[in-house]
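I would like the entire structure built from these sequences, with the hints used as guidance.
These protein sequence lines map, in sequence, to chains A and B.
Just so we're aligned, residue 1 is where the first sequence starts under this note's numbering, counting upward by one.
Just so we're aligned, residue 1 is where the second sequence starts under this note's numbering, counting upward by one.
None of these hints come from the bench; they were simulated from the model.
Since this is a predicted model, take the numbers as computed values, not measurements.
Every residue gets a Cβ at the ideal spot worked out from N, C-alpha and C, and that includes glycine.
Some hints could be false.
Taking CB as the label site, the calculated pair distances span [to be verified]:
(1) B:N212 x A:D66: 21 to 29 Å
(2) B:R98 x A:A163: 53 to 61 Å
(3) B:F16 x A:E115: 49 to 57 Å
(4) B:I8 x A:A112: 56 to 64 Å
(5) B:R191 x A:A112: 15 to 23 Å
(6) A:L178 x B:N212: 30 to 38 Å
(7) A:D108 x B:R189: 18 to 26 Å
(8) B:E214 x A:V91: 45 to 53 Å
Partial list, derived from the structure: chain B residues whose beta carbon lies under 8 Å from chain A [to be verified]:
(9) D160
(10) L205
(11) L208
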Amino acid sequence: MSFLRGEAMTGGYGGADILHGCDISVERGEIAVIVGPNGAGKSTAMKAMFGMLGLREGRVTLDDTDITALTPQDRVRAGMGFVPQNNNVFVTMTVQENLEMGAYIRDDDFQATMEQVFELFPVLKEKRRQPAGELSGGQRQQVAVGRALMTQPSVLMLDEPTAGVSPIVMDELFDRILEVAATGIAILMVEQNARQALNIADRGYVLVQGSNRFTDTGEALLANPEVRASFLGG
Amino acid sequence: MTDFLNAIVLFANFVFVPGLAYGAQLALGALGVTLVFGILRFANFAHGDLMAFGAMVTILVTWWLQSIGVGIDPLPTALLALPVGMAGAVALALLTDRWVFRFYRRRKAAPIVMVMASVGVMFMYNGLVRFIIGPDDQRFADGARFVVSARDFRDMTGLDEGLVIRQPVLITIIVAFAVVAALFWFLQRSRMGKAMRAYSDNEDLALLSGINPEKVVAVTWVIAASLATIAGVLYGLDKSFKPFTYFQLLLPIFAAAIVGGIGQPIGAIAGGFVVAFSEVTITYAYKRFLEYFGFQPEGLVQLLSVEYKFAVSFVILVLVLLARPTGIFRGRVL
Numbered sequence: 001m002s003f004l005r006g007e008a009m010t011g012g013y014g015g016a017d018i019l020h021g022c023d024i025s026v027e028r029g030e031i032a033v034i035v036g037p038n039g040a041g042k043s044t045a046m047k048a049m050f051g052m053l054g055l056r057e058g059r060v061t062l063d064d065t066d067i068t069a070l071t072p073q074d075r076v077r078a079g080m081g082f083v084p085q086n087n088n089v090f091v092t093m094t095v096q097e098n099l100e101m102g103a104y105i106r107d108d109d110f111q112a113t114m115e116q117v118f119e120l121f122p123v124l125k126e127k128r129r130q131p132a133g134e135l136s137g138g139q140r141q142q143v144a145v146g147r148a149l150m151t152q153p154s155v156l157m158l159d160e161p162t163a164g165v166s167p168i169v170m171d172e173l174f175d176r177i178l179e180v181a182a183t184g185i186a187i188l189m190v191e192q193n194a195r196q197a198l199n200i201a202d203r204g205y206v207l208v209q210g211s212n213r214f215t216d217t218g219e220a221l222l223a224n225p226e227v228r229a230s231f232l233g234g
Numbered sequence: 001m002t003d004f005l006n007a008i009v010l011f012a013n014f015v016f017v018p019g020l021a022y023g024a025q026l027a028l029g030a031l032g033v034t035l036v037f038g039i040l041r042f043a044n045f046a047h048g049d050l051m052a053f054g055a056m057v058t059i060l061v062t063w064w065l066q067s068i069g070v071g072i073d074p075l076p077t078a079l080l081a082l083p084v085g086m087a088g089a090v091a092l093a094l095l096t097d098r099w100v101f102r103f104y105r106r107r108k109a110a111p112i113v114m115v116m117a118s119v120g121v122m123f124m125y126n127g128l129v130r131f132i133i134g135p136d137d138q139r140f141a142d143g144a145r146f147v148v149s150a151r152d153f154r155d156m157t158g159l160d161e162g163l164v165i166r167q168p169v170l171i172t173i174i175v176a177f178a179v180v181a182a183l184f185w186f187l188q189r190s191r192m193g194k195a196m197r198a199y200s201d202n203e204d205l206a207l208l209s210g211i212n213p214e215k216v217v218a219v220t221w222v223i224a225a226s227l228a229t230i231a232g233v234l235y236g237l238d239k240s241f242k243p244f245t246y247f248q249l250l251l252p253i254f255a256a257a258i259v260g261g262i263g264q265p266i267g268a269i270a271g272g273f274v275v276a277f278s279e280v281t282i283t284y285a286y287k288r289f290l291e292y293f294g295f296q297p298e299g300l301v302q303l304l305s306v307e308y309k310f311a312v313s314f315v316i317l318v319l320v321l322l323a324r325p326t327g328i329f330r331g332r333v334l
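Given below as structure tokens:
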């Protein structure tokens, strides 16, 4: 049984279904990547696993516990961290305050966690008194990931973390994400940059129209001629 | 030289000191409006009448204290009654939120719907205050009237003009300063204050971080109603208490909040003083002031008569909305 698992997820935002029996799962210490064409329901699938839309059918389990009925807030308490694609930092607050807000639900001393985040993203320590809104796109993403890490989650979900950043920054972010995974956190992300993302993925899901088209290791998907031709631009 | 000093003292006495006190009162009112706007995302038109309600409770308690002979002479008894007034206004604000605003919040009503609901609430408060204390002017100030009287000042300096510092003015400035310092400490340093700023900045992300919105909203009402009561009592001590005046104060208070940048606490303070000093400098008659510089003006040299002082707020409001809708400190757009 996988650590985080969405089974036969079917549902949408009230209107027509976007997901049709979609299966996604990720293990601790692994990176799972959801790729696919625009409108395939990649982000929707991840949001469904975080409880941001109601499922008509199917269920979501975390560590063998059914969490289908939990609200996103309750899932945060259950150990899930979510980094939205847009507006994922408090722009008027300093970097340090952003991290503090990430730790809002914690009543214990989170100083050590903050030090870990600063170790992972040294530039944030340097800019910790600066409002997050003044940082570059890549640095903002680091703040966003750092904020989500402050709850010490067992699962980290990233919605297109490299959207709008330069290739160099993207490589660096992926390196950091590998480091996070190495600490035993399960990572699930949706990525537009499919090729680079599959490169670091233990597991890849190619979604088309809300259902699984291909599921394999990242390596195997990159080697699969059909996937290459249809989704990776040759 | 003496003429010059006399002119300065005259100006300080009739423009600067009154403007400072009025500005502090507006700033406290505008802080409440701006906090409610930042967190609940609507312009609360009932704020002026919430001020009147808090001040009314304070006045009733003041009268009761005066009747049993309890006081803190030379300070006004109203300061002793102020915490009760604040508690009354907080209770009213929380009940209103429970019965009116929460309903619209849960339905995710558009801001304009919330504004209209607040207009209804305003009329309710309006009626409530008039029903209890009546529409007339009420006097409740006691204690010493002057800290520095005109005669004291003239004897001290030998100038022809006197600089009067009335006690309510000094109390207003001291209380406003202390309250603003405490509020900023709370918003910048405390966990709840940071949560409020986070909620105001990015509601969705605040929810993702586990911040409880109902708690944030409740704390916001507690602060806004407390500030409203303090502002209302200080205004009443300085001038007088009349329910209709507090309704009228809504315009300069909104002008202050918008000039400063709505949603920005620091902007509310700056805006309060901008509006207050504009009003006072534009409605002051400069005849005597200019005479000290050797001019012999024929008229009063008053740009606008005092009866029209609300036009100043209105013009400021329109100019800011046209030229810089985000205000001095880049707040939100209303």
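Indices of hints not satisfied (ascending): Structure breaks hints 2, 8, 9.
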